[in-house]
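Asks: Here is how the chains run, residue by residue.
2 protein chains.
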Amino acid sequence: MRYSKLFGKTIKEISNKYESRSHELLTRAGFIDQVASGIYNILPLGTKVMTKIEEIIRQEMNNIGGQEIAMPLLHPKTLWQKTERWQTVDILFKTKSRFGYEYVLAPTHEEIVVPLAKKWIKSYRDLPLYLYHITEKFRDEPRPKSGILRGREFGMKDLYSFHENHDDLLAFYQKVIKAYLKIFTRCGLNNVKITEASGGSFTKKYSHEFNVTTSAGEVDLIFCNTCNFTQNKEISKLKTGAKCQKCEDGILKTGKAIEVGNIFDLGTKFSEAFNFCFIGRDSQSHIPVMGCYGIGTTRLLGAMVEVGNDKKGIIWPKEVTPYHCHLVNLSHLSNISDLVYNTLKAEKIDVLYDDRENISAGEKLATADLIGIPIRLVVSERTKNNIEWKERTEEKKILLSVSEIIEKLHQFYL
Amino acid sequence: MRYSKLFGKTIKEISNKYESRSHELLTRAGFIDQVASGIYNILPLGTKVMTKIEEIIRQEMNNIGGQEIAMPLLHPKTLWQKTERWQTVDILFKTKSRFGYEYVLAPTHEEIVVPLAKKWIKSYRDLPLYLYHITEKFRDEPRPKSGILRGREFGMKDLYSFHENHDDLLAFYQKVIKAYLKIFTRCGLNNVKITEASGGSFTKKYSHEFNVTTSAGEVDLIFCNTCNFTQNKEISKLKTGAKCQKCEDGILKTGKAIEVGNIFDLGTKFSEAFNFCFIGRDSQSHIPVMGCYGIGTTRLLGAMVEVGNDKKGIIWPKEVTPYHCHLVNLSHLSNISDLVYNTLKAEKIDVLYDDRENISAGEKLATADLIGIPIRLVVSERTKNNIEWKERTEEKKILLSVSEIIEKLHQFYL
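These protein sequence lines map, in sequence, to chains A and B. For the first sequence, the positions run 1 to 414 when the working numbering is used. For the second sequence, the positions run 1 to 414 when the working numbering is used.
Treat the hints as calculated values from the structure; they're not laboratory data. Each hint should be verified, as a subset may be incorrect.
Pairs count within a copy or across copies, as identical chains cannot be separated in the list.
The calculated lysine-lysine pairs, modelled on BS3-like cross-linking and capped at a C-alpha distance of 30 angstroms, are [unchecked claim]: (1) K348 with K96; (2) K269 with K5; (3) K364 with K122; (4) K182 with K77; (5) K396 with K96; (6) K122 with K9; (7) K9 with K119; (8) K348 with K52; (9) K348 with K318; (10) K12 with K119.
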């Protein structure tokens, strides 16, 4: 992609209107654009990253037997009355057809997925079942804030599981924990804390959150400085400075975090609301046990930037970078850089090519740092027929031939 | 995928509740499931097809310079007041936050894309610009009908183009026509009629519809039986039986059709509403000329089935089939069919494998015909170590070895 043609050029001006570091960097680098409080456009660079995030999630959901579906965003009122959430949940957006029908704008999908599963699940032979989808959600948040970290409209993956019994749910629950850690690691988040938390408004049972520790977060954690013990402060009865009861070695600390995922043991709450039964191995009627497992996809985009940045801009993890490399032409001619661009493209390398004329070298290099693609390649009068390779996180620059660049890129992204 | 594990098994019962042939077949074959009037779940098989449809659209949009973005579905009231559509458009779903903010649920995206483009387009050098997205839309239809052919919530791709002048728009308009025909051809729709139509509620200028002729359609066409002349009857002053004025040879006929796409010359209507100007080559201020170009993605799914079916079920076009082949085990043992399944998967062939036990041969073959994957492979006591190959549209069956099957599949899907 030629940067001269890319929609959503970087914004040089620094302003105090930004709600968080990720809000600022994603906006100034041209990944997102605010429409209203809690409502955003995702620009071409942002769409590239979102597509990669969603593909990682899909792969890991499919790996544990998840089947992808697409559920609607307009939910008939009657379904939400069955679970009593029409009356009790305060973050619902509602809408009414001019023909009298009333709907909820989906904030979550239990009211759809349970009646759906009920249509086909008749026997224990049809269980377990794992259905997921990736879609928009709507929540009438009192304070949308921190850019895309908390929106009124946001992207989410949710997976729903149905089981014969509680033990089967618990076994799958552990599989999802592993799949989630894999997803977050692939998204460059190596330090996600699995947190014991309350069941929230969905269930009275326990739940687990996946939290990325950062001062920009809204969640208060208490965690051990030695082992992986972590609790949400809301439910914790422990105090800072106390000895960890799990490892009996570390000391408890507190810190802020962004919740990027959560998993709930829903028990039979929703199955019961819809009179959902199946015939068990004992030929008797039973109620399926359910779990639900969410990942905030647009929030993940924000969390990645909250954690992956320096003074100059964003630092993208390899697997979700919008382009493999950022090729910058600092020469007065474009013949060599054009050739490099076309050669790399022919090798199926995704290149963002800053081909702009009449822009200073300083501005072009600042643009590359702000956008944050892992590899920067520079062609200039000084590099002659070679190309300067620099990684976003390193200071070292080396001169390489085109064929060496290709080999090094393939190695880097292996 | 093992059919025994697939969510959304075929429904044998025939019922008169279905609103159209595609509604019946997509439901009975396990591709879609109705939630409420005009609102659907897309099941795993349907999601596979939708993903392929969307990927074809993406490729052809990118080929003509389109840049993918994601725009929100909650649109602030103020933006829709600027174009006066808040008051005048009757199919709007509206919603209100408990904090007083009012929103439109997106039926189209001019109110978002114009202010967005305005932020970055300052000069003729920033033009032309082509932005598209693929997302859900909402329309408060009086009569949702014909299954997914007309929903209250539906999938749509829309592309918006911005130009220096009208000539530039017209040149791009022709490019989009070609891209659309390519998309529809790749979706197995070879007989799409480009139809002159009115500008609808969006514009007073002319527009073109892309119509798939079928008796299940809602659009009335008048068209030449010899050349490609086609008009929407709503705007046509011509009569059935008259001589075609274009080719001066054919005779005009009428017929029903499904509108799967449309393109509009929006002129400066929306640019003006948002005071959107740019500095032209003459250093003067000008208003960008706009085009918009839609494809109903879920409607396309319905149209493909409306056109591609026989008495036994669906007939999927090659490029959008949910799986490459449907492997049916009719043997009492599964050792050979399991081996074939694993061998094909290792060759990166997508296989739907009917591994069910205690289901009759007749039912399994009827399931394969109903689902409509282009290639059916049967393993049975009779086929021994070979496999029976049958194409969905042919009666002929041939026995082949596994390696011949692999070669023939690769050729078929080349």
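Asks: Take the hints in turn and mark each one as holding or not.
Replies: For each hint, the structure was consulted:
no.	hint	result
1	K348 with K96	neither (49 angstroms within a copy, 47 angstroms between copies)
2	K269 with K5	between (52 angstroms within a copy, 25 angstroms between copies)
3	K364 with K122	between (62 angstroms within a copy, 20 angstroms between copies)
4	K182 with K77	neither (37 angstroms within a copy, 41 angstroms between copies)
5	K396 with K96	neither (60 angstroms within a copy, 54 angstroms between copies)
6	K122 with K9	between (54 angstroms within a copy, 12 angstroms between copies)
7	K9 with K119	between (49 angstroms within a copy, 10 angstroms between copies)
8	K348 with K52	both (16 angstroms within a copy, 21 angstroms between copies)
9	K348 with K318	both (16 angstroms within a copy, 26 angstroms between copies)
10	K12 with K119	between (55 angstroms within a copy, 14 angstroms between copies)
In this structure, the earlier hints numbered 1, 4 and 5 are contradicted, and the remaining ones agree with it.
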